[in-house]
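K.L.:
Sequence:
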Amino acid sequence: MDLRFELGERPRALLRAYEALEYLRVPEAMLQYSEMFGSTFAALAGIRRYLEKRHVPYGTLFREIVAGSCDAELAALLDGLDTAADDTGFLGQVRDRLTADFAKYDGAIASSIKDVYGFGMPKSATIVLGRRGSHTAAFMMDSAGDDVLIAFATGSDEEPGAWISILTHEILHGLMRSAGVFMNNRKASEVEELLLEYSVPKGFLAERMGMADKADLQYAYENSLRRNYSKEISRQVRATVEEYISNVDRSMIWRGVMKAFPDCVDADAIARLG
Numbered sequence: 002m003d004l005r006f007e008l009g010e011r012p013r014a015l016l017r018a019y020e021a022l023e024y025l026r027v028p029e030a031m032l033q034y035s036e037m038f039g040s041t042f043a044a045l046a047g048i049r050r051y052l053e054k055r056h057v058p059y060g061t062l063f064r065e066i067v068a069g070s071c072d073a074e075l076a077a078l079l080d081g082l083d084t085a086a087d088d089t090g091f092l093g094q095v096r097d098r099l100t101a102d103f104a105k106y107d108g109a110i111a112s113s114i115k116d117v118y119g120f121g122m123p124k125s126a127t128i129v130l131g132r133r134g135s136h137t138a139a140f141m142m143d144s145a146g147d148d149v150l151i152a153f154a155t156g157s158d159e160e161p162g163a164w165i166s167i168l169t170h171e172i173l174h175g176l177m178r179s180a181g182v183f184m185n186n187r188k189a190s191e192v193e194e195l196l197l198e199y200s201v202p203k204g205f206l207a208e209r210m211g212m213a214d215k216a217d218l219q220y221a222y223e224n225s226l227r228r229n230y231s232k233e234i235s236r237q238v239r240a241t242v243e244e245y246i247s248n249v250d251r252s253m254i255w256r257g258v259m260k261a262f263p264d265c266v267d268a269d270a271i272a273r274l275g
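Residues 2 to 275 (our numbering) are what the sequence shown spells out, left to right.
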């Protein structure tokens with residue numbers, strides 16, 4: 002799999018807008034009266050209106066911007082967001098470290114994902130890099146074709162293996178969406194996220210790939226509660242993972258997932274994985 006990094010100003014601006022509008026959820030009142038809060042909020046309000054007008058997901062906008070084909074209206078809105086604080090020198094270091102770590106773990110990532118989930122790796126991953134003030138956050142934006150597009154923002158020097166394990170988490174999201182293994186409903190989305198939470202960056206898959214010394218399922222459980230996921234569903238997913246780990250004759254993990262969550266997965270899509 003090839004890694005393609007994007008450090009351009011407009012992709013970074015869209016990442017900043019996504020974090021503000023969807024991750025941090027800037028209050029609607031501040032957007033409605035954006036003229037009171039300066040040019041940044043005016044740009045965010047404009048981007049929100051643009052999204053509502055076009056009815057397209059963020060992934061489509063990222064694809065257009067990376068390809069240099071976004072329209073003049075969106076370009077002007079993104080140019081209104083200040084990305085000077087992103088520090089492209091630091092982002093270059095992030096790019097170099099992710100490249101080096103992927104080269105180190107490439108084989109382990111591909112074989113582990115194949116053995117546990119049945120997925121082959123995509124041909125490439127396009128990674129939009131941005132800076133943020135605290136811990137690392139990554140978002141799988143689009144998984145069309147043979148390329149997974151991931152927005153990756155960080156502001157700290159994480160422990161060795163942390164960045165590549167977070168990236169692997171998002172690659173798995175892309176593979177799951179492309180294969181259509183989960184249904185399109187809220188509970189299924191929660192099960193998908195929790196299954197990956199128990200897999201990587203600190204779960205059993207991270208241990209298997211050598212990115213963590215030992216799987217920390219308790220950390221994954223506590224983190225799921227901090228993120229307001231259902232305690233009951235998190236416990237069910239954890240039990241499914243623990244049963245898979247204890248099974249000496251391991252097949253893919255989907256057998257246990259289908260048993261625990263038959264209303265969340267597409268059995269035909271899973272059968273196509275082999």
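Among the clues, some could well be false.
[Unchecked claim] Derived CB-CB ranges, DEER-like:
| # | residue 1 | residue 2 | range |
| --- | --- | --- | --- |
| 1 | Asn-185 | Ser-231 | 16 to 24 Å |
| 2 | Ala-76 | Asp-3 | 35 to 43 Å |
| 3 | Leu-4 | Glu-74 | 24 to 32 Å |
| 4 | Ala-272 | Thr-41 | 21 to 29 Å |
| 5 | Phe-91 | Ala-68 | 20 to 28 Å |
| 6 | Ser-231 | Gly-60 | 38 to 46 Å |
| 7 | Ala-68 | Gly-181 | 24 to 32 Å |
| 8 | Ala-73 | Lys-260 | 50 to 58 Å |
| 9 | Gly-60 | Asp-116 | 45 to 53 Å |
| 10 | Arg-228 | Ala-261 | 36 to 44 Å |
| 11 | Gly-60 | Arg-256 | 26 to 34 Å |
| 12 | Thr-89 | Glu-244 | 41 to 49 Å |
Note that these hints are calculated values from the structure, not bench results. Even for Gly, the Cβ is constructed at its ideal location relative to N, Cα and C.
K.L.:
State for each hint whether it applies.
P.N.:
Going down the list of hints, with the structure as the test:
1. At roughly 18 Å, the beta-carbon separation of Asn-185 and Ser-231 lies within the given 16 to 24 Å, and the hint holds.
2. Separation of Ala-76 from Asp-3 is about 27 Å and departs from the stated range, judged on CB atoms against 35 to 43 Å.
3. Against the hinted window of 24 to 32 Å, the Cβ-Cβ separation of Leu-4 and Glu-74 comes to about 31 Å, which satisfies the hint.
4. Against the hinted window of 21 to 29 Å, the Cβ-Cβ separation of Ala-272 and Thr-41 comes to about 49 Å, which falls outside the hint.
5. Between Phe-91 and Ala-68 the C-beta distance comes to about 25 Å, which sits within the given range of 20 to 28 Å.
6. For Ser-231 and Gly-60, the hinted distance range of 38 to 46 Å is not satisfied, since their beta carbons lie about 26 Å from each other.
7. The hint said 24 to 32 Å for the Cβ distance between Ala-68 and Gly-181, and at roughly 25 Å that hint holds.
8. The supplied range of 50 to 58 Å is met by Ala-73 and Lys-260, whose beta-carbon atoms lie about 52 Å from each other.
9. Checking the proposed 45 to 53 Å range against Gly-60 and Asp-116 shows it is violated: the Cβ atoms sit about 28 Å from each other.
10. Separation of Arg-228 from Ala-261 is about 20 Å and departs from the stated range, judged on CB atoms against 36 to 44 Å.
11. Checked against the given bound of 26 to 34 Å, the beta carbons of Gly-60 and Arg-256, roughly 31 Å apart, stay inside it.
12. Evaluation of the 41 to 49 Å hint for Thr-89 and Glu-244 yields a pass: the beta carbon distance comes to about 46 Å.
Of the numbered hints given earlier, the model fails hints 2, 4, 6, 9, 10; all others are met.
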